[in-house]
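In the order they appear, the protein sequences are chains E and A. Residue 61 is where the first sequence starts when you use the working numbering, and the numbers rise one by one after that. Residue 6 is where the second sequence starts when you use the working numbering, and the numbers rise one by one after that.
Just so you know, the hints here were simulated from the structure itself, not pulled from any lab data. Remember, it's a predicted structure, so these values are computed and weren't measured experimentally. Take every hint as true, because none was put in to throw you off.
Once the Cα atoms are required to be at most 20 Å apart in a straight line, the calculated DMTMM-like pairs of lysine to aspartate or glutamate come out as:
hint, chain 1, residue 1, chain 2, residue 2
1, A, LYS43, A, ASP64
2, A, LYS270, A, ASP246
3, E, LYS177, A, GLU138
4, A, LYS94, A, GLU119
5, A, LYS33, A, GLU320
6, E, LYS178, A, GLU138
7, A, LYS236, A, GLU219
8, A, LYS160, E, GLU259
9, E, LYS302, E, ASP313
10, A, LYS179, E, ASP221
11, A, LYS232, A, ASP260
12, E, LYS177, A, GLU147
13, A, LYS94, A, GLU147
14, A, LYS94, A, GLU166
15, A, LYS322, A, ASP17
16, E, LYS177, E, GLU292
17, E, LYS252, A, GLU219
18, A, LYS43, A, ASP107
19, E, LYS166, E, ASP313
20, E, LYS84, E, GLU358
21, A, LYS236, E, ASP221
22, E, LYS302, E, GLU162
23, A, LYS179, E, ASP240
24, E, LYS315, E, ASP304
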Amino acid sequence: MFYPQEMTEIELIVPTKDLLSVTKVLSRRGVFYQADSYYSSPEAKTTSPNVWQERTAAYAALERRILNIMQSLGVDEGNPPSHEFETMVEIETIRPAVDEIEHEVKNISDRLAAENKKIEQMQNLLTQLEPLAGIELEINAIRNPHYLYSVLGTMPVSNIDRLQTSLSRIPFVFTPLRTDHSTAVVWLAGLKSHDEILERAARSAYLNPINLPESYEGTPAEIIRRLNQNIEDARRSIEALKVDMSQLRTRHDKKLQSMLWEVRSSRMVTDAIVRYGRLKYTYLVVGWVVSSALADLEQRIREASKETIIETHPVHRGGQNRNVPIALRHSKLLRPFQMLVTTYGRPSYGELDPTILMAVMFPLLYGAMFGDVGQGLVLALLGWLIATKRILGGMASLGGVIMACGLSATIFGFLYGSIFGFEHVIPALWIIPVENILTILGIAIGAGVILLSLGFILGIINAWKARDWGRLLFDHYGIAGLVFYWSLIGLVASVVLRDQMPVPQPVIVALAAISGLAVMFSEFFIRLVEGHRPVIEGSLGVYIIQAFFELFETFISFLSNSLSYVRVGAFAVAHGGLSSAIFLLAELASPDRGVGYWIVILIGNIFIIGFEGLIVGIQTMRLSYYEFFGKFFRGGGMRYEPLTIRPTAEE
Amino acid sequence: MYSTLFTQQQWDALYEAADYNSLITQLKHSEYGPYLDKAKEKDLTPRRAAYQIRERLTDAYTSIIRMAPESARPLLTHRYRNFEVDNLKAVLRGIAAGVSWDRVRFILFPLGSETVLPAQEMMESGNVAAAVEMLRATPYYETLSYAMTRYSAEKNIFPLEVALDLNYWRELWKDVNHLSGEDRKQWLRIVGGLIDMNNLMWAIRYRVYHNLSEEEVVNYTLPFGYKVGDKDIRAIAAGSDIPQVVKRIYPDLPDVESLLQEPRKGLPALEMLLKRRIMQQCQAAFLGNPFHIGLPLAFLQLLEFEIQDLTVLIEAKSAIDLDEDFRAYLVMGQMAKA
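Pulled out of the complex, with its shape left as it was, chain E reads as follows (with noise of 0.2 Å):
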């Protein structure tokens, strides 16, 4: 529950003969995480490995033809099948339905395609004839008048003015017929003789005559309508077509999916063959199942091979094990904070899981800043509408998070004795924070000394189990640190309950500057607990320097790190003062407490609820992440991807 979950490592020596069906057992259970073992042994003569990358990339191949095929016609891939498949699938039983299915879609899209540039050259047309609708006069008589050179077209409103100057020399005509922001249909025309001067002009200005079709005969109102009825009669193709379509996703859907999760558990089976090592006659597997599910897989593999050799190591949490997955499993309720947990980084095998933690925790603080009885529920029911999909359904896993933190906020709410921003409502149970601001920052900073300190612990319990002395011992935030710490206040409480103090201050002073000490050189005694050598990297005199610096900076760390609690109180504070606030504008707006005063309680309370609760979760974050979570979490642990087709259970 506070670790990983205890992972076993195996290696499997494979028969050849076996290979597929100790592969199937593999893939099928959900349970081995493979890792690479591309040895190959140079004895090796079976079948080269080359062969299962081909057959590999061919199953991809059709597996994305297959995809392609399906968003064409809008087809999802569906659930994996309920039934595990028997034997990998041969590609060529698959291909030529893969081929015809296609054939038939591409014929549509093609069409479709092609129908739809129709319309959209149709369209274009249209936007230039549209200007010439008032013209009595056949089209073909401006296109190609006998005694002008003419050109109607479109072309780039800024070239317009350097068209006309270019042609200073000779006589013409421009007519601008429409102008949008960039570009203008017009009309160039002027004597025959000048046709060659007008023709260079109008092509260096990027005049582009109208392309109208020969067939396009009559004046421009007659083409316009002949245009319309074309791009009707186009889009009355394109609803047959899409009709067509519809009728294959129908006849086919049901057909695609199901071939679509055949070759992919077959590309699956082949891309874990390709990760083997290969051996004379037989073949390497090495690979990580988690240690509760070993026994029923060892026992699926010697029902699949007899012959199969079967080596499994339990992997301790002490040491460094980089390489081993991390699998987390937590219930449904705590879910959403293990995703808090994983943004921030996974727990490496060894590594405190913070997620129960995290789940007491966050929306502890959170409810802290914010508690209101009204504002949390609704904050709780907006939760759990994310939580179940009825809203938001792309962040349902935040809805967990929402819903509990407005549940928290709801408690304090009792607690602080506010329900929509009425502080004298309902009783406080236990302190009212406007009215006792010195009180509630001094309870926000103790709590945030027993956080850190607990941070501190977690960290000293990583680095004992990591058998990590050196950091155990020195670490700023090892035991040196939390030594350093705590004399720090005691300091400060000597100083506040001088003779109620129960430790004489010269002792404090005395651990003070031990523990101060220790974390000064802290680096120093790690390198020599870890046996590297030179203990002291560059000059004696910059180290000492350096290290004074360090000590200066940690010192800082944990005033500020103590002082950023402040805030859980500050935004308690704060919720009362704002809410003061808008009271004070509905007083405003509605002397007399008619309708306008609760519209505006109802509109600053919605501002609360979405303003103040943001910013309060990203104060939550903050704390947890930076204040809590840099003691004692390093993170930087594998993910857990066992072999299946079904999307795993975690997160």
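Once you have looked at the hints, place chain A on chain E.
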């Protein structure tokens, strides 16, 4: 920032480099070191080295844009887009010439993730029309779509390049004119200087090299600038004597007549003279009141010239027969001892 540009002593030392390898060794000990170190020693061909040193300009632009006041950022970003326009032209040229991505990638300006161009995909499409279609969601699509009609008919990317250039400078000029006070004065001077140089070179080249008609020259050039006006461009387009026009615009330029007696040879030299004028204008931006956004622009322009010079130097030093004429093609380092 100004101090990170090369001093005259540093330029002299670079000229003295015996060959390409010793030039690179020297550059590795300069501000360009970290950029050159990003490439493996064996991959550091002259083309790759030139690509790597351009990364310094990318860094300079991105950090200056980040640090600049909110109001100046769009303008600096617009200026930075000039490299994207150049990249786009290079990609289109590459596609039209049928060369591979590997040959083009290190010619491009290293914009990293700061670009909207899917350059590699465009190159791999192998087709200008398909490549332009990939730009649908970018500011270049509309400009290119007008020019594509001509590309389809002529199979020449010239109209595409001209359309991109004209659109870029027009938009930049419009933005600069929205500035006010000292900011406007400084930007008009530097950006206007660049437009003058480009516009003049385009007009002369279109007439001399491409034999375009008067109308085409006018349509392929811009009607504004700092010193070069519409009447100058139209005069060149209409066939006026080019040295006379240039002399009228820049009375202080030395030997314009003899320089342009043979325009094909004289044009590159005229271009260098104009670049040096812009360099001087950039340097002048550092004098007097420093509270204007012309200062970062001037620095970036000087850095661009420095990198252009280094590219010339890299190419010259990597040539089998070192041609000392390369000095004529340097903007910043032309004063170094011969």
